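For this one, chain C is given, so just place chain F with the ligands on it according to the hints.
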Amino acid sequence: MVNRERSYKTEAIILNSKSFGESGHIYIVFTPNLGKLSINANGTKKPKSKLSGHLQITNRCNLVISKGRSIDTISSAETTELFPNIRENYDLINNVFYIMELFDVFNPINEINTDAYKLLLESLRWLNDNQNINLLILYIRMKILTMSGWDLNFSSCNLCFDENKENLTSISSNHGGAICTVCQSKINNSLTADAQSIKLLHFISIAPREKLLSISLEIPSIKKCLAISEFLIHDNLGFKLKTKLF
Amino acid sequence: MQIPEQNHSVKIISKLINELSKLPGIGPKSAQRLAYHFIKLPKSEVLELSSSLIELKDKIIYCDICQNLSDENPCSICTNNQRDHKLICVIEEPLDILAFERTGSYNGLYHVLHGVLSPINGIGPNNLKINELLNRIKVNNIDEIILATNPSIEGESTAMYIQDIIGDLVPKITRLARGLPVGGDIEYADQMTIMRALQGRQEI
Ligand SMILES: [Zn+2]
Ligand SMILES: [Zn+2]
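Top line first, the protein sequences correspond to chains C and F.
Just so we're aligned, residue 6 is where the first sequence starts under the working numbering, counting upward by one.
Just so we're aligned, residue 4 is where the second sequence starts under the working numbering, counting upward by one.
Covered stretches of chain C (chain F as the covering partner; in silico rule of three or more C-beta atoms under 8 Å from a C-beta of chain F):
#, segment
1, 50-56
2, 80-89
3, 105-112
Pairs of lysine-lysine, DSSO-like flavour, derived with a Cα cap of 30 Å:
#, chain 1, residue 1, chain 2, residue 2
4, F, K32, C, K247
5, F, K43, F, K18
6, F, K25, C, K245
7, C, K51, F, K32
Don't read these hints as lab results, they were simulated from the structure.
All values reported here derive from a predicted model rather than from experimental measurement.
Built from N, CA and C at the ideal position, the CB exists for glycine as well.
Next comes chain C alone, as it looks inside the complex:
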């Protein structure tokens, strides 16, 4: 019997690409209904490739993918949305590389996460507008942590259960959230953090973008939260991202 499903169609955002074989690439793409895929395309290094222009990192495309024995191959691609401002600005490119790496490391191959896809699309549009980029990074980090099951307790010390808020001076995601001054000295991986920043981080992790943009946040408090959120990301992953920001 003929296998009718030799190819499939999907929408996708291109996360990363690496050269592969004689003249092609391997693409890491993120899709709304199939999760993250690692697929290849042939001839994409050639100037006349009909695919390569569509398969640029950040592009949102409609793909037709042929099933293969070891790896699936892109047979057609058409851009449906592109983010031209990002490509013209060195800072935005650096930020987009960071964002792509975050989505790459937090989403295992073939694990469907439609909310993460929506977040990625929203983030690219936000970045392309080149407004409040620090807040955007903070927003993505907290949303990604929430999606990966970030559920930390900040109302008491997670080691000795001390409920006096004054004593809660640091956080550790390994130990479940807030840590008191006494316990902080007993553990390895913790970060000094003030109660106000932690409250703000919690708000960012649940607030929709519009609500977040409607309140005015001061730069020093955003910077403080950025440092804490960076720590939380690393603590959660257990390794440092390759892309460096700021």
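Using the frame of chain C, we list chain F with the ligands on its own:
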């Protein structure tokens, strides 16, 4: 303590598999196949392969000036007095030189970066020959630098980065025109290519 014979040999095989899978286009599966292929080969053939690899490493060197692969230092392009020594074309890979040379219409020098900035793949400015370019510009009298990295997002960010650090040192910095390829079909071109082609249109 004595290591059992079998574990020892497995360690050697896994080391080879590990080395082979670092090669471009070779995944862990192919690396495994190749490793077992080498085991079956006669020793003479393996020796021939390994000696040609070592010969390659011993005799092929990088030109100190342009960082291109060569068997002499400086290379034949950098020592050619018929070429314009005040014009440098900055490219990603040694093979790109062949592409320019094939045209017969470029007479300046080159500078090979050996890659592009790609933070997500762990490649930063220090992994590329950017400092070498900077030093070269500082000690030579350069009229123009052509940034000829690929029109990919990595190539573009590399060009922007270099432009930023050499901007005050060179009178003229140019970027290769980006637009429709010769023989290409507008119908199939992506939006970015058409936008760029429109931006770079010329009066005739
Ligand atoms: Zn405690
Ligand atoms: Zn040279």
